[in-house]
Amino acid sequence: MTDQSTAESVFPQLEALLPHVQKPIQYVGGELNSTVKPWESCDVRWALMYPDAYEVGLPNQGVMILYEVLNEREGVLAERTYSVWPDLEELMREHRVPQFTVDSHRPVGAFDVFGLSFSTELGYTNMLTALDLAGIPLNAADRTVDDPIVLAGGHAAFNPEPIAEFIDCAVVGDGEQAVLEITDIIRAWKAEGRPGGREEVLFRLARTGGVYVPAFYDVEYLPDGRIARVVPNRSGVPWRVSKHTVMDLDEWPYPKQPLVPLAETVHERMSVEIFRGCTRGCRFCQAGMITRPVRERSITGIGEMVDKGLKATGFEEVGLLSLSSADHSEIGDVAKGLADRYEEDKIGLSLPSTRVDAFNVDLANELTRNGRRSGLTFAPEGGSERMRKVINKMVSEEDLIRTVATAYGNGWRQVKLYFMCGLPTETDEDVLQIADMATNVIAKGRQVSGSQDIRCTVSIGGFVPKPHTPFQWAPQLSAEQTDARLEKLRDKIRGDKKYGRSIGFRYHDGKPGIVEGLLSRGDRRIGSVIRAVYEDGGRFDGWREYFSYDRWMACAEKTLPAQGVDVDWYTTRERTYEEVLPWDHLDSGLDKEWLWEDWQDALDETEVEDCRWTPCFDCGVCPQLDLDIQIGPTGKKLLPLTVVNK
Amino acid sequence: MQRIRLRYTKRGRLRFTSHRDFQRAFERALRRAEVPMAYSAGFTPHPKVSYANAAPTGTGSEAEYLEIGLSAPRDPATLRELLDASMPDGLDITDAVEARTSGLADRLQASVWELRLDQVEPEAARAAVAAFEAAETVEVQRRTKNGMRTFDARAAVVALEVADAPDEPGDRPSARPCAILRLVVRHETPAVRPDDVLSGLRVVADLAPPVPAAVTRLAQGPFDDETGTVTDPLAPDREAVEAAPSEGAPHAAAQATTAVGPA
Numbered sequence: 001m002t003d004q005s006t007a008e009s010v011f012p013q014l015e016a017l018l019p020h021v022q023k024p025i026q027y028v029g030g031e032l033n034s035t036v037k038p039w040e041s042c043d044v045r046w047a048l049m050y051p052d053a054y055e056v057g058l059p060n061q062g063v064m065i066l067y068e069v070l071n072e073r074e075g076v077l078a079e080r081t082y083s084v085w086p087d088l089e090e091l092m093r094e095h096r097v098p099q100f101t102v103d104s105h106r107p108v109g110a111f112d113v114f115g116l117s118f119s120t121e122l123g124y125t126n127m128l129t130a131l132d133l134a135g136i137p138l139n140a141a142d143r144t145v146d147d148p149i150v151l152a153g154g155h156a157a158f159n160p161e162p163i164a165e166f167i168d169c170a171v172v173g174d175g176e177q178a179v180l181e182i183t184d185i186i187r188a189w190k191a192e193g194r195p196g197g198r199e200e201v202l203f204r205l206a207r208t209g210g211v212y213v214p215a216f217y218d219v220e221y222l223p224d225g226r227i228a229r230v231v232p233n234r235s236g237v238p239w240r241v242s243k244h245t246v247m248d249l250d251e252w253p254y255p256k257q258p259l260v261p262l263a264e265t266v267h268e269r270m271s272v273e274i275f276r277g278c279t280r281g282c283r284f285c286q287a288g289m290i291t292r293p294v295r296e297r298s299i300t301g302i303g304e305m306v307d308k309g310l311k312a313t314g315f316e317e318v319g320l321l322s323l324s325s326a327d328h329s330e331i332g333d334v335a336k337g338l339a340d341r342y343e344e345d346k347i348g349l350s351l352p353s354t355r356v357d358a359f360n361v362d363l364a365n366e367l368t369r370n371g372r373r374s375g376l377t378f379a380p381e382g383g384s385e386r387m388r389k390v391i392n393k394m395v396s397e398e399d400l401i402r403t404v405a406t407a408y409g410n411g412w413r414q415v416k417l418y419f420m421c422g423l424p425t426e427t428d429e430d431v432l433q434i435a436d437m438a439t440n441v442i443a444k445g446r447q448v449s450g451s452q453d454i455r456c457t458v459s460i461g462g463f464v465p466k467p468h469t470p471f472q473w474a475p476q477l478s479a480e481q482t483d484a485r486l487e488k489l490r491d492k493i494r495g496d497k498k499y500g501r502s503i504g505f506r507y508h509d510g511k512p513g514i515v516e517g518l519l520s521r522g523d524r525r526i527g528s529v530i531r532a533v534y535e536d537g538g539r540f541d542g543w544r545e546y547f548s549y550d551r552w553m554a555c556a557e558k559t560l561p562a563q564g565v566d567v568d569w570y571t572t573r574e575r576t577y578e579e580v581l582p583w584d585h586l587d588s589g590l591d592k593e594w595l596w597e598d599w600q601d602a603l604d605e606t607e608v609e610d611c612r613w614t615p616c617f618d619c620g621v622c623p624q625l626d627l628d629i630q631i632g633p634t635g636k637k638l639l640p641l642t643v644v645n646k
Numbered sequence: 001m002q003r004i005r006l007r008y009t010k011r012g013r014l015r016f017t018s019h020r021d022f023q024r025a026f027e028r029a030l031r032r033a034e035v036p037m038a039y040s041a042g043f044t045p046h047p048k049v050s051y052a053n054a055a056p057t058g059t060g061s062e063a064e065y066l067e068i069g070l071s072a073p074r075d076p077a078t079l080r081e082l083l084d085a086s087m088p089d090g091l092d093i094t095d096a097v098e099a100r101t102s103g104l105a106d107r108l109q110a111s112v113w114e115l116r117l118d119q120v121e122p123e124a125a126r127a128a129v130a131a132f133e134a135a136e137t138v139e140v141q142r143r144t145k146n147g148m149r150t151f152d153a154r155a156a157v158v159a160l161e162v163a164d165a166p167d168e169p170g171d172r173p174s175a176r177p178c179a180i181l182r183l184v185v186r187h188e189t190p191a192v193r194p195d196d197v198l199s200g201l202r203v204v205a206d207l208a209p210p211v212p213a214a215v216t217r218l219a220q221g222p223f224d225d226e227t228g229t230v231t232d233p234l235a236p237d238r239e240a241v242e243a244a245p246s247e248g249a250p251h252a253a254a255q256a257t258t259a260v261g262p263a
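Protein chains in written order, with the UniProt record's numbering: chain A, 1 to 646; chain B, 1 to 263.
Hint data in this document are derived by calculation from the structure and do not stem from the laboratory.
Note that the coordinates shown come from a computational prediction; the quantities given were computed from them, not determined experimentally.
All C-beta atoms, glycine included, are put in the ideal place defined by N, C-alpha and C.
Among the clues, some could well be false.
DSS-like cross-link-like pairs, simulated, lysine-lysine; straight-line CA separation at most 27 Å [claimed, not checked]:
#  : chain 1 : residue 1 : chain 2 : residue 2
1  : A       : K637      : A       : K311
2  : A       : K311      : A       : K636
3  : A       : K336      : A       : K311
4  : A       : K346      : B       : K48
5  : A       : K23       : A       : K336
6  : A       : K488      : A       : K511
7  : A       : K308      : A       : K637
8  : B       : K48       : A       : K311
9  : A       : K389      : B       : K48
10 : A       : K636      : A       : K592
11 : A       : K308      : B       : K48
Taking CB as the label site, the calculated pair distances span [as the list claims (entries may be wrong)]:
#  : chain 1 : residue 1 : chain 2 : residue 2 : range
12 : A       : C622      : B       : D89       : 34 to 40 Å
13 : A       : G500      : B       : M148      : 42 to 48 Å
14 : B       : E123      : A       : P12       : 23 to 29 Å
15 : A       : E385      : B       : T144      : 57 to 63 Å
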């Protein structure tokens with residue numbers, strides 16, 4: 001929010017540093033379909049950050065969508081910024097180059113809003129690095145009217161309390177409409193000459209009921225460390241902040257012009273979100289709980305986005321994204337229509353997130369029409385039938401074996417299975433059954449294919465309980481117990497003479513999960529740990545080579561005991577019904593009573609159905625938000641496009 | 001199969017594009033421009049593109065070359081325009097000609113480079129260049145995959161001179177003074193790069209620019225010993241097309257920029 005003089009491009013200074021860093025191309029911008037609008041022609045300016053390395057951040061759909069939605073608006077501009085690697089960070093500090101946007105290399109501190117999208121809590125230290133490099137005070141309370149409004153979004157923002165002291169506000173839910181509403185409020189406030197300064201604009205945002213401003217709420221604690229209550233400290237702000245929900249995805253066909261990077265990134269494909277939300281009701285899954293209700297994009301809407309997107313990008317692969325893509329009511333016609341349309345063009349189709357019970361070989365055949373049948377991936381998540389009832393992921397072993405038999409019979413040779421360790425009520429026996437499942441898969445595969453050359457990879461990681469899920473009350477398994485259980489499983493698989501060699505075993509140790517758990521279910525007291533870790537050099541916590549469990553634990557030990565709590569209190573402790581949870585005042589639409597009942601059902605090993613196909617089970621989202629699920633079928637088909645110039 | 005030879009640039013901030021990055025961007029541009037590419041045979045067919053002697057990451061270039069194979073003939077001029085529109089600004093396709101000869105890579109015998117040394121006095125640069133030219137050999141070191149390697153940076157250098165700094169009002173005032181070197185170097189083994197020549201200037205005259213040099217390849221092609229110039233590597237194809245325009249494509253060659261200048 002500063003004047004023109006400090007909004008100059010820092011590229012000349014940066015350029016001199018680039019020959020000394022790894023992969024300089026990630027810092028120069030100029031991607032195909034990127035937008036640079038004249039600074040002076042806009043009165044509301046957003047810097048959007050995905051707080052991880054460019055190679056991870058650039059393909060992020062959320063940032064790409066908001067970037068385009070904002071830049072399409074007259075008088076508004078949005079530029080992107082990503083975390084710089086430590087080699088460049090060091091040079092930037094030495095040569096006093098501030099955190100910059102890659103689009104026109106302007107200092108982040110010159111923008112009106114600094115919006116960060118948190119897919120994971122492990123980006124918090126990177127936010128502090130970026131704030132500091134930008135010259136923005138780390139504490140929201142220390143900022144002046146000339147500093148940007150620091151705004152957090154993304155799934156992790158559903159519990160923004162651990163970063164409450166660093167952010168000015170948070171938005172929960174879908175961002176498309178929310179960023180435009182926020183833009184209008186900021187524009188009006190600026191046009192009036194910024195009356196009341198920073199506090200006034202934050203108040204105007206807060207009173208809409210859809211923007212959470214932590215500074216307007218006080219947290220009171222009980223003597224035992226639990227939260228007594230969270231109360232607004234001024235009138236006019238709501239007791240609870242509600243999430244944003246975009247209803248008609250066909251009205252929001254973004255990204256229309258996906259960014260095509262020059263640097264190599266983790267996903268290089270044309271991604272189309274085919275539906276948002278999921279009502280399968282897997283109890284561990286935060287994404288499924290907080291993105292309800294289900295809203296499908298129509299088959300024709302999908303077809304149009306794929307067509308325009310491929311023309312705009314030249315990508316060779318189309319990803320049909322959602323939380324459980326095979327659940328789209330017309331997925332068969334979508335896959336067949338696209339496979340027909342692009343058969344000649346060597347365009348690959350991928351369907352991440354496919355459930356075992358929704359998989360069918362016709363669909364898989366369409367997806368691999370041109371390509372090889374290398375591997376299929378399924379996520380039963382729980383090793384035993386009992387465990388899968390607890391987590392409400394009702395995939396029976398018979399289903400799985402039947403599915404893999406079909407797959408092996410149709411030419412696939414490898415199946416990857418994902419599991420979690422440390423789920424509520426889990427015992428060693430539940431996890432050891434994973435080995436049995438894998439041997440059954442191999443045995444069936446050998447039998448069906450008549451080949452010994454069959455592989456099954458078991459991939460397993462520690463479960464982290466998340467806010468706004470039925471497991472938000474659950475105790476997390478300690479890192480030691482997680483590791484011990486995984487070792488037993490590994491020994492059992494390796495000890496199997498007949499099948500062991502055909503089973504690959506990949507696992508993540510329990511330590512990163514504990515830090516993620518601390519940040520996920522933490523409250524405002526965790527802010528001191530995040531700051532201490534950052535000050536001690538903590539960066540890129542999602543990266544194995546940078547993550548330091550010992551540093552996190554040492555910093556927690558330094559700051560938490562004085563506040564009467566410790567890491568175990570946040571992670572391995574089970575919460576009770578009465579406890580006020582740090583995120584209770586952020587309304588995801590889910591009824592807390594319903595979540596508690598579902599938690600009790602989990603402990604009783606009782607399943608709940610999917611409301612797409614069975615009656616409503618009163619999770620609370622639809623009446624709370626005055627919405628309804630929105631699914632097909634539309635009965636329409638994808639028409640082949642005229643092939644030009646071939 | 002029609003083969004088209006293209007000249008392209010790496011300009012401005014996109015000079016930080018690595019060769020791998022360029023390859024991916026170019027193959028996507030081929031798709032966007034709906035170029036009827038010929039594909040290699042095999043399980044995972046690849047479009048037929050061959051690259052020749054790409055400039056290192058971080059150096060700009062006005063003269064990079066590649067060749068593509070098409071499954072149906074196209075007019076080179078139209079193809080150039082389409083492809084150029086499909087590439088990011090800075091990676092510009094500046095010339096296209098139908099390939100009528102073999103051995104494009106063999107014709108890339110020498111390069112002309114410009115080295116811009118910000119905050120270096122032209123006089124200091126002149127003295128260093130004179131010392132370099134006077135030397136029989138200039139031993140320099142470069143880190144390679146197999147460790148440090150020592151080699152002579154002098155023999156491959158055909159010409160090295162300090163050009164007059166152009167008058168660019170308002171352009172990076174802090175960078176004054178500024179020395180511009182113009183370098184002609186033969187492509188030999190081991191390859192001598194502009195960086196190696198800068199190392200050589202440090203060896204012979206202790207010239208150490210305070211900021212990294214901005215290096216740009218101005219031209220590469222056949223080296224004419226008599227005139228000491230680097231000529232246009234696409235000229236033989238252009239001449240062959242002019243002599244027999246009917247073969248293959250509907251039109252002859254197309255040029256977006258003037259031909260490669262003399263060294």
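Taking the hints in turn, this is what the structure says about them:
{"no.": "1", "hint": "A:K637 to A:K311", "in the structure": "21 Å, holds"}
{"no.": "2", "hint": "A:K311 to A:K636", "in the structure": "23 Å, holds"}
{"no.": "3", "hint": "A:K336 to A:K311", "in the structure": "20 Å, holds"}
{"no.": "4", "hint": "A:K346 to B:K48", "in the structure": "14 Å, holds"}
{"no.": "5", "hint": "A:K23 to A:K336", "in the structure": "39 Å, violated"}
{"no.": "6", "hint": "A:K488 to A:K511", "in the structure": "17 Å, holds"}
{"no.": "7", "hint": "A:K308 to A:K637", "in the structure": "17 Å, holds"}
{"no.": "8", "hint": "B:K48 to A:K311", "in the structure": "21 Å, holds"}
{"no.": "9", "hint": "A:K389 to B:K48", "in the structure": "53 Å, violated"}
{"no.": "10", "hint": "A:K636 to A:K592", "in the structure": "39 Å, violated"}
{"no.": "11", "hint": "A:K308 to B:K48", "in the structure": "26 Å, holds"}
{"no.": "12", "hint": "A:C622 to B:D89: 34 to 40 Å", "in the structure": "48 Å, violated"}
{"no.": "13", "hint": "A:G500 to B:M148: 42 to 48 Å", "in the structure": "46 Å, holds"}
{"no.": "14", "hint": "B:E123 to A:P12: 23 to 29 Å", "in the structure": "25 Å, holds"}
{"no.": "15", "hint": "A:E385 to B:T144: 57 to 63 Å", "in the structure": "58 Å, holds"}
Taken one by one, the earlier hints fail for this structure at numbers 5, 9, 10 and 12, listed in ascending order.
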